[in-house]
Amino acid sequence: MSKYQNICDSMLLSRFFDRELEPDEQTLVREHIKSCPSCQKMHREHQAVSDFFRAGMDEIVSQIRFDSLETKILEQIREKQISWQTKLKLFFLSRRIIIPIAAMAAMMFIFFSLTVKSPVSVAGPSALITSFTGDISSVMFLETPESHQTIIWFQETF
Amino acid sequence: MLTFASAASVQAGTINIVVKTVLASQNTKFADPRLSDLIRELESVFRYSSYQLLSQNAMNLNMNQTGAAPLPEDRVLKITPARITGNRAELQLVLFKGDRQIFQTVIQLLNNGMITVGGPEYKGGYLLFNISVSF
Amino acid sequence: MSKINTDSWDDAKLLSLLRQGNEDAFRALVQKYQARLFRTAYGITYNKEESAEIVQEVFLKVWENLHSFREESKLSTWLYRITVNLCLNWKRTWKRRFRHYHQPIENPDGSEIPELTNDEEHPESALQKKEQEKILWEKIGELPEDARAILVLKECEGLSYDEIADLLKIKKGTVSSRLFYARQRLKELLKDYFDEKEGA
Ligand SMILES: [Zn+2]
Numbered sequence: 000m001s002k003y004q005n006i007c008d009s010m011l012l013s014r015f016f017d018r019e020l021e022p023d024e025q026t027l028v029r030e031h032i033k034s035c036p037s038c039q040k041m042h043r044e045h046q047a048v049s050d051f052f053r054a055g056m057d058e059i060v061s062q063i064r065f066d067s068l069e070t071k072i073l074e075q076i077r078e079k080q081i082s083w084q085t086k087l088k089l090f091f092l093s094r095r096i097i098i099p100i101a102a103m104a105a106m107m108f109i110f111f112s113l114t115v116k117s118p119v120s121v122a123g124p125s126a127l128i129t130s131f132t133g134d135i136s137s138v139m140f141l142e143t144p145e146s147h148q149t150i151i152w153f154q155e156t157f
Numbered sequence: 000m001l002t003f004a005s006a007a008s009v010q011a012g013t014i015n016i017v018v019k020t021v022l023a024s025q026n027t028k029f030a031d032p033r034l035s036d037l038i039r040e041l042e043s044v045f046r047y048s049s050y051q052l053l054s055q056n057a058m059n060l061n062m063n064q065t066g067a068a069p070l071p072e073d074r075v076l077k078i079t080p081a082r083i084t085g086n087r088a089e090l091q092l093v094l095f096k097g098d099r100q101i102f103q104t105v106i107q108l109l110n111n112g113m114i115t116v117g118g119p120e121y122k123g124g125y126l127l128f129n130i131s132v133s134f
Numbered sequence: 000m001s002k003i004n005t006d007s008w009d010d011a012k013l014l015s016l017l018r019q020g021n022e023d024a025f026r027a028l029v030q031k032y033q034a035r036l037f038r039t040a041y042g043i044t045y046n047k048e049e050s051a052e053i054v055q056e057v058f059l060k061v062w063e064n065l066h067s068f069r070e071e072s073k074l075s076t077w078l079y080r081i082t083v084n085l086c087l088n089w090k091r092t093w094k095r096r097f098r099h100y101h102q103p104i105e106n107p108d109g110s111e112i113p114e115l116t117n118d119e120e121h122p123e124s125a126l127q128k129k130e131q132e133k134i135l136w137e138k139i140g141e142l143p144e145d146a147r148a149i150l151v152l153k154e155c156e157g158l159s160y161d162e163i164a165d166l167l168k169i170k171k172g173t174v175s176s177r178l179f180y181a182r183q184r185l186k187e188l189l190k191d192y193f194d195e196k197e198g199a
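Chains as they are written, first to last, in numbering that gives the first Met the number 0: chain A, 0 to 157; chain B, 0 to 134; chain C, 0 to 199.
Hints are all accurate, no fakes.
Selected chain A positions facing chain C (in silico; Cβ < 8 Å): (1) ASP17; (2) GLU19; (3) GLU44; (4) HIS45; (5) PHE51; (6) PHE52; (7) ARG53; (8) ILE59; (9) LEU68; (10) LYS71; (11) GLN75.
Here are the computed distance ranges between Cβ atoms for each label pair: (12) LEU52/B <-> SER146/A: 13 to 23 Å; (13) PRO144/A <-> ILE169/C: 49 to 59 Å; (14) SER35/B <-> ASN88/C: 44 to 54 Å.
If you're looking for bench data, these hints aren't it; they were derived computationally from the structure. A virtual CB, placed ideally from N, CA and C, is assigned to each residue, including glycine.
The following block holds chain A by itself, in its conformation from the complex (with noise of 0.2 Å):
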């Protein structure tokens, strides 16, 4: 007893009720409680007051439904997906706004001359291209992305 100086002290109680004390002092305030009609009313009332709170908590959490939530949740971490796959798509599309640009921008009036060494691949694009020449003003050599088809897109001088 010697260690607290007061025993009936309501935060300590706390601390016990949470059995957030070390193992001697929970047994001490335990015993302590058995005897100490104030700490007893004390006790009684915070389990009274956790009741009340867990109660009310169980009650709200009883009126929800879960698997509609769950459905919710599954849903939106699909569309998640999906919208890393438009953005994937969007990469695409960003190519093709700027064929036609880039080739309208690149007019330089050279005469092009440009020969490709494509990769040795067997599965690979649907046209190697061994050499191009052209008098044009650009040139871009595409591939497509699920079937590799080429596409050679060129700009004519005007």
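Assemble the complex: chain A is given as a structure, and chains B and C with the ligand must be docked to it using the hints.
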């Protein structure tokens, strides 16, 4: 020597080539049903709302024989198969506009494969030449 | 939604499956924690709609940040931490506070206040009691949010002071004193109610 080949009968050692001239534009929303496979492919790279088949030329060529596909605005695409290497046909493509040569290229195209060449502006859109081969 | 059998999945197993992008594991995670996180969120926000939104947001964050979760703390602690942080920083916190101070009697949800007693033999006193409980429940909503956060984590989720301190990034002593303060307030609020109950 030019051969304006039509849907000629298939001969051994020859190459069947089909050139489709397509007008791609944003003007309207139209997908030519005869181009459905091609459109699906092109849509992954281009953002046009309309794909219209303007003409189609089929030719059956021997090695080193040149076929020509007439294209809009006095353009002509001349195609000459050079050889078969594995599952690819080596083709020389030369595009003319009038007397002027626009470009020439050598490509190795997969059997039953296709290449699309495009770029010239035409009627508010762009011309695409889709070349497919089988041998 | 069918229940995922997760009997053999502890949090470590769940985490490793989650990191492989396993959707079943994600569903299991949702099933295991959604009610607990909802209760935690409700304890702080006192609003069902917001709490449901927050729980959804928590799982989205978890899905997106699985790679950054370090196993220094438990998976559950991480989930509670995200939940509490979202609640305390929720974009409509000001609105919530406004509602609390301007609609003191009505439940913020506009829904039925939980019925805590079942006193069918005395319908009149039952009604009175219910009314009283409604007011009391509303008064709990007037406690500071951070105090309610600690209260719900302790009373409902059964977390230790250390765990609460860890996830709220506060000292253990602060947990202890705030919890004490919150309970004292509750005792004051509920005093008459309990006295009546004991006297009845
Ligand atoms: Zn005492």
